[in-house]
Amino acid sequence: MRTAGRAAKSHAAPLAGLLLAAALPVWGAPITFNTALPVQKGGWVLREQFVLNKNADDPGPANRDMRVSGLVSVLGYGMTRDFALFGVLPYLDRKLDLNAAGQRVKRSDEGIGDLTLIGRYTAYTADGRGRTVRIAPFLGVKAPTGRDNARDSRGALPNEVQPGSGSWDFLGGVVATYQTLDYQVDAQLAYKANREANGFRFGNVGGLDVSLQYRLWPQELGGGLPAFLYGVLEANLVRAEKNRSGGIKDPDSGGTALFLSPGLQYVTRKWILEAGVQIPVAQDLNGTALKNDYVFTAGFRINF
Amino acid sequence: MTGIWRGTLLALVGALISASAFAAQAYKLRVDGLACPFCAYGVEKQLKAVQGVEKVDVDLKTGNVTVTVVEGAVFDEATAKKAVTDAGFTLRGFEKIPGPETGK
Numbered sequence: 001m002r003t004a005g006r007a008a009k010s011h012a013a014p015l016a017g018l019l020l021a022a023a024l025p026v027w028g029a030p031i032t033f034n035t036a037l038p039v040q041k042g043g044w045v046l047r048e049q050f051v052l053n054k055n056a057d058d059p060g061p062a063n064r065d066m067r068v069s070g071l072v073s074v075l076g077y078g079m080t081r082d083f084a085l086f087g088v089l090p091y092l093d094r095k096l097d098l099n100a101a102g103q104r105v106k107r108s109d110e111g112i113g114d115l116t117l118i119g120r121y122t123a124y125t126a127d128g129r130g131r132t133v134r135i136a137p138f139l140g141v142k143a144p145t146g147r148d149n150a151r152d153s154r155g156a157l158p159n160e161v162q163p164g165s166g167s168w169d170f171l172g173g174v175v176a177t178y179q180t181l182d183y184q185v186d187a188q189l190a191y192k193a194n195r196e197a198n199g200f201r202f203g204n205v206g207g208l209d210v211s212l213q214y215r216l217w218p219q220e221l222g223g224g225l226p227a228f229l230y231g232v233l234e235a236n237l238v239r240a241e242k243n244r245s246g247g248i249k250d251p252d253s254g255g256t257a258l259f260l261s262p263g264l265q266y267v268t269r270k271w272i273l274e275a276g277v278q279i280p281v282a283q284d285l286n287g288t289a290l291k292n293d294y295v296f297t298a299g300f301r302i303n304f
Numbered sequence: 001m002t003g004i005w006r007g008t009l010l011a012l013v014g015a016l017i018s019a020s021a022f023a024a025q026a027y028k029l030r031v032d033g034l035a036c037p038f039c040a041y042g043v044e045k046q047l048k049a050v051q052g053v054e055k056v057d058v059d060l061k062t063g064n065v066t067v068t069v070v071e072g073a074v075f076d077e078a079t080a081k082k083a084v085t086d087a088g089f090t091l092r093g094f095e096k097i098p099g100p101e102t103g104k
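So the sequences go chain by chain: A and B.
Heads up: the first sequence at position 263 corresponds to 263 in the numbering used here, and the numbers run straight through without jumps.
Heads up: the second sequence at position 63 corresponds to 63 in the numbering used here, and the numbers run straight through without jumps.
Next up, chain A with everything else stripped away, as it sits in the complex (with noise of 0.2 angstroms):
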């Protein structure tokens, strides 16, 4: 069992290029990273995300396709004025096409992820009239609820296709935000620490994100509390590390992508529809690790 696991491994390790995209998870409220914004105290938000991140372009003969789909859920509460707790539980469905033995296979599984739960406390904030700063470092640990010994008829499912780790792995970072009625500028600094589990590790992942969210609509701001349109254009830049399998480092996996992701928010008091899509512009991957096509969005918010 252990043998077949660890060959399923082996040729799914250059799948890690796919990491840059999804390792870091989508919890708060610029479209694809978090904002220092307020949770009021008691108080509840409600984020769910559509999904879709394709990676197709494969350097080797493999001729690797993969593509993630599914839901992202994100509960915030309010605990007091300043420190918010989120939780995160993604549902997604996992696929993977690719050449070997000379004939095309698929591989795929879906299942309820990994929770992640976050902690954040506003640390700064200064308020003047319609406009606010805040600057909010956040922690966090992943637990492993998804499964992770998925298998198909040909063996443990590769580790980029479990819903699951298997590991409980940590994560931190700050986030900052400026807050006009005409734009928001959000930035978050994030790392995650990826831990071993079934003797196979994550590289450990940073990454750099910063949004801009421009008030469309209305274009003259009249009196009482009007819905806003945005236009969002946010850019991410993330590293990862080498995987790991069995101690030894991965020559084809993580590497540095910068994704530039425009997008639409609509605001209202009591709810935001909202969609983006991750482009890569930039990705410096190693070896044959897989290449990111892109990663749509698209969700909604919900206060109470």
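One or more hints might be untrue.
Distance ranges between label pairs, derived from CB positions [said to hold, decoys possible]:
hint, chain 1, residue 1, chain 2, residue 2, range
1, A, Tyr77, B, Ala78, 51 to 61 angstroms
2, A, Phe296, B, Ile97, 48 to 58 angstroms
3, B, Glu71, A, Asp93, 21 to 31 angstroms
4, A, Val281, B, Ala73, 56 to 66 angstroms
5, B, Thr68, A, Leu139, 39 to 49 angstroms
Simulated pairs of lysine-lysine, DSBU-like, Cα-Cα distance not exceeding 30 angstroms [unchecked claim]:
hint, chain 1, residue 1, chain 2, residue 2
6, A, Lys249, A, Lys54
7, B, Lys28, A, Lys270
8, B, Lys81, B, Lys45
9, B, Lys61, B, Lys45
10, A, Lys291, A, Lys249
11, B, Lys28, B, Lys61
12, B, Lys45, A, Lys291
13, B, Lys48, A, Lys270
14, B, Lys28, B, Lys81
15, A, Lys270, B, Lys96
16, A, Lys270, B, Lys45
17, B, Lys28, B, Lys55
18, B, Lys55, B, Lys45
19, A, Lys54, A, Lys291
20, B, Lys55, A, Lys270
21, B, Lys82, B, Lys96
22, B, Lys28, B, Lys96
23, B, Lys96, B, Lys45
24, A, Lys106, A, Lys95
25, B, Lys82, B, Lys61
26, B, Lys81, A, Lys270
27, A, Lys95, A, Lys249
28, B, Lys61, B, Lys48
29, B, Lys82, A, Lys270
What the simulated footprint calls covered on chain A by chain B, stretch by stretch (three residues with Cβ under 8 angstroms from a Cβ of chain B suffice, anywhere in the stretch; the number is not a length) [as the list claims (entries may be wrong)]:
hint, segment
30, 31-40
31, 47-56
32, 123-129
33, 172-182
34, 224-231
35, 263-269
By construction, these hints were calculated from the structure, which means they are not laboratory data.
No residue lacks a Cβ here, since even glycine has one placed at the ideal position from N, Cα and C.
Based on the hints, put chain B in the right spot on chain A.
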């Protein structure tokens, strides 16, 4: 007979509505940090949770929040500040809006 009852009922309802309108007291709060509609929901919800608060109107452009409370309800600056703070924002101003009839 039915007409008399209906007329009496309407008169009572009218009197109650009228009394309610005259009894309501409004306050103007200046809230800093409000810059998008989604954030304003928290301020509305915290203020509406205060006993006696009937209505909350947010004007995003000015940062002014008008709070209408029933007569007799306790709504002072400390109460307003706690609600706004719990929503994650900053209370910068608090004033009672004089009622047109009572001059209060």
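Each hint, compared with the structure:
{"no.": "1", "hint": "A:Tyr77 to B:Ala78: 51 to 61 angstroms", "verdict": "violated, 26 angstroms"}
{"no.": "2", "hint": "A:Phe296 to B:Ile97: 48 to 58 angstroms", "verdict": "holds, 49 angstroms"}
{"no.": "3", "hint": "B:Glu71 to A:Asp93: 21 to 31 angstroms", "verdict": "violated, 59 angstroms"}
{"no.": "4", "hint": "A:Val281 to B:Ala73: 56 to 66 angstroms", "verdict": "holds, 57 angstroms"}
{"no.": "5", "hint": "B:Thr68 to A:Leu139: 39 to 49 angstroms", "verdict": "holds, 42 angstroms"}
{"no.": "6", "hint": "A:Lys249 to A:Lys54", "verdict": "holds, 25 angstroms"}
{"no.": "7", "hint": "B:Lys28 to A:Lys270", "verdict": "holds, 23 angstroms"}
{"no.": "8", "hint": "B:Lys81 to B:Lys45", "verdict": "holds, 14 angstroms"}
{"no.": "9", "hint": "B:Lys61 to B:Lys45", "verdict": "holds, 19 angstroms"}
{"no.": "10", "hint": "A:Lys291 to A:Lys249", "verdict": "holds, 19 angstroms"}
{"no.": "11", "hint": "B:Lys28 to B:Lys61", "verdict": "holds, 14 angstroms"}
{"no.": "12", "hint": "B:Lys45 to A:Lys291", "verdict": "violated, 46 angstroms"}
{"no.": "13", "hint": "B:Lys48 to A:Lys270", "verdict": "holds, 15 angstroms"}
{"no.": "14", "hint": "B:Lys28 to B:Lys81", "verdict": "holds, 12 angstroms"}
{"no.": "15", "hint": "A:Lys270 to B:Lys96", "verdict": "holds, 28 angstroms"}
{"no.": "16", "hint": "A:Lys270 to B:Lys45", "verdict": "holds, 11 angstroms"}
{"no.": "17", "hint": "B:Lys28 to B:Lys55", "verdict": "holds, 12 angstroms"}
{"no.": "18", "hint": "B:Lys55 to B:Lys45", "verdict": "holds, 10 angstroms"}
{"no.": "19", "hint": "A:Lys54 to A:Lys291", "verdict": "holds, 9 angstroms"}
{"no.": "20", "hint": "B:Lys55 to A:Lys270", "verdict": "holds, 17 angstroms"}
{"no.": "21", "hint": "B:Lys82 to B:Lys96", "verdict": "holds, 17 angstroms"}
{"no.": "22", "hint": "B:Lys28 to B:Lys96", "verdict": "holds, 6 angstroms"}
{"no.": "23", "hint": "B:Lys96 to B:Lys45", "verdict": "holds, 20 angstroms"}
{"no.": "24", "hint": "A:Lys106 to A:Lys95", "verdict": "holds, 7 angstroms"}
{"no.": "25", "hint": "B:Lys82 to B:Lys61", "verdict": "holds, 22 angstroms"}
{"no.": "26", "hint": "B:Lys81 to A:Lys270", "verdict": "holds, 23 angstroms"}
{"no.": "27", "hint": "A:Lys95 to A:Lys249", "verdict": "holds, 24 angstroms"}
{"no.": "28", "hint": "B:Lys61 to B:Lys48", "verdict": "holds, 21 angstroms"}
{"no.": "29", "hint": "B:Lys82 to A:Lys270", "verdict": "holds, 22 angstroms"}
{"no.": "30", "hint": "31-40", "verdict": "holds (count 4)"}
{"no.": "31", "hint": "47-56", "verdict": "violated (count 0)"}
{"no.": "32", "hint": "123-129", "verdict": "holds (count 4)"}
{"no.": "33", "hint": "172-182", "verdict": "holds (count 3)"}
{"no.": "34", "hint": "224-231", "verdict": "holds (count 5)"}
{"no.": "35", "hint": "263-269", "verdict": "holds (count 3)"}
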